[in-house]
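Colleague: Work out the full structure, taking the sequences as your base and the hints as a guide.
Chain residues, written in single-letter form:
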Amino acid sequence: MSKNTKNTDELINELCDGLEKNCGNFCVIRRFVPWAILAFSYVVGVVYFTGLRYDYADVMKDPIFLFEVGLALFVFFTAALSAAYLTIPDQGQKAWIKSIPLTLVGVFSLWSVIKAYTEGFIIPSMSKAAHCAERGFIIEIVPIAILIAVSTRGHTTQPVWLISMNVIAVVALGWVGLILTCSMDDMGHNYMFHLLPFALAGGVLSFFARKLFKW
Amino acid sequence: MTNNTSEHWTELATAAQAGDKRAYAELLGELAPYIRNVIIKSLKNQEEAEDIAQEVLISVHKSLHTYSSDRPFKPWLMSIINFRRTDFLRKYYSSRQDVTISSDASIIEENVTNMTTAYELKDIETALNKFSADQQRIFKMIKIEGYTAKEVSNEMGMKESAVKVSAHRTMKQLQGMLK
Chain A
0 MSKNTKNTDE
10 LINELCDGLE
20 KNCGNFCVIR
30 RFVPWAILAF
40 SYVVGVVYFT
50 GLRYDYADVM
60 KDPIFLFEVG
70 LALFVFFTAA
80 LSAAYLTIPD
90 QGQKAWIKSI
100 PLTLVGVFSL
110 WSVIKAYTEG
120 FIIPSMSKAA
130 HCAERGFIIE
140 IVPIAILIAV
150 STRGHTTQPV
160 WLISMNVIAV
170 VALGWVGLIL
180 TCSMDDMGHN
190 YMFHLLPFAL
200 AGGVLSFFAR
210 KLFKW
Chain B
0 MTNNTSEHWT
10 ELATAAQAGD
20 KRAYAELLGE
30 LAPYIRNVII
40 KSLKNQEEAE
50 DIAQEVLISV
60 HKSLHTYSSD
70 RPFKPWLMSI
80 INFRRTDFLR
90 KYYSSRQDVT
100 ISSDASIIEE
110 NVTNMTTAYE
120 LKDIETALNK
130 FSADQQRIFK
140 MIKIEGYTAK
150 EVSNEMGMKE
160 SAVKVSAHRT
170 MKQLQGMLK
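Going down the list, the protein sequences come from chains A and B. Note that numbering that gives the first Met the number 0 has the first sequence beginning at 0, numbered continuously upward. Note that numbering that gives the first Met the number 0 has the second sequence beginning at 0, numbered continuously upward.
There may be inaccurate statements among the hints.
[As the list claims (entries may be wrong)] Quick look at which bits of chain B chain A covers, simulated, 3 or more residues with Cβ under 8 Å:
| no. | stretch |
| --- | --- |
| 1 | 14 to 23 |
| 2 | 26 to 33 |
[Stated by the list, open to error] With a straight-line cut-off of 27 Å between C-alpha atoms, the simulated DSS-like cross-links for lysine-lysine are:
| no. | chain 1 | residue 1 | chain 2 | residue 2 |
| --- | --- | --- | --- | --- |
| 3 | A | Lys20 | B | Lys73 |
| 4 | B | Lys40 | B | Lys61 |
| 5 | B | Lys61 | A | Lys210 |
| 6 | B | Lys90 | A | Lys210 |
Honestly, the hints are just simulated from the structure, not real lab data. Yeah, the Cβ is synthetic: ideal placement off N, Cα and C, and Gly gets one too.
Modeller: Pasting the structure below:
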């Protein structure tokens, strides 16, 4: 018997001694829903205390505004659900679920290009950048911390995909929070201050995915 | 691997999740050679394959609670095997980048690209081959490998003074041959 084979037998004995009872009945949905509700509730709370935009009543009658908010919320929900499935090794045999938020992001991007073409894209003044960045940070920091904390307790075999889905979810939710509190709807301001900085920060975070989700 | 084996492992995993240590031991015992065989196909080194197999078993233990019997066992297992194998290969190839090779230009220029030096070394070697085997060995051990005369005399069973005289005479003759 080689040394390695003997070590494997000893390892198996040790693992058997460390077996926990009743470690089954794992349900991704049951784990995902409370945390998604918590993150969503937090953003609702921030929006409430910050105060809705002054023209809230008018924009809520605008179908385009409602379409964008609905699309972003759908991106949040499906990305967070994909992240939940990514916390288990075989993704619950639902690897295809990642394609849903990615498709919706594609739709959102295409919609943005069409809007930029029809409405024009003006580089915004940097005077409002700090205000939106500060509010965006407050809105998104807790949800991303929640999702990452939940994800680190998982056992992912695709850490980069996992952090990507977490970032997409939080950026989408944060974007909704920002456009509900900031009345500047021009394309330049909306995308350069409400979306781009946080997407870039998320991109940087993805470099630490393997360390973050090590198990 | 047949469907029966996969179903058998599903049953064992479900029993293990309920706390059945005997089933768990049987499951891990059957998984170990299977995992090893899968990894050996891409990693020929037996020891490294065994290390990765043990990593996979530990990962199976840590994530056993995430497996559900309504899903097939093999894809769950294979995802862990592929993850650990990729992890190992990533660390292996990044550690190879730590091997440093001197990029001192003067060393390269002197010993690799300097044709004069290259020819000189070749001449010395050719000239040395004309001496007896003992003379060559004494000269190389003292002048090239850095042994002391005492160490060489112990090695060759000669007097230390005889070793020193031999090395000196060989050096003188070489200098005359290479002028």
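Colleague: Are the hints correct? Go through all of them and say.
Modeller: Quick rundown of the hints versus the structure:
no.: 1; hint: 14 to 23; in the structure: holds (count 6)
no.: 2; hint: 26 to 33; in the structure: holds (count 3)
no.: 3; hint: A:Lys20 <-> B:Lys73; in the structure: 22 Å, holds
no.: 4; hint: B:Lys40 <-> B:Lys61; in the structure: 25 Å, holds
no.: 5; hint: B:Lys61 <-> A:Lys210; in the structure: 17 Å, holds
no.: 6; hint: B:Lys90 <-> A:Lys210; in the structure: 13 Å, holds
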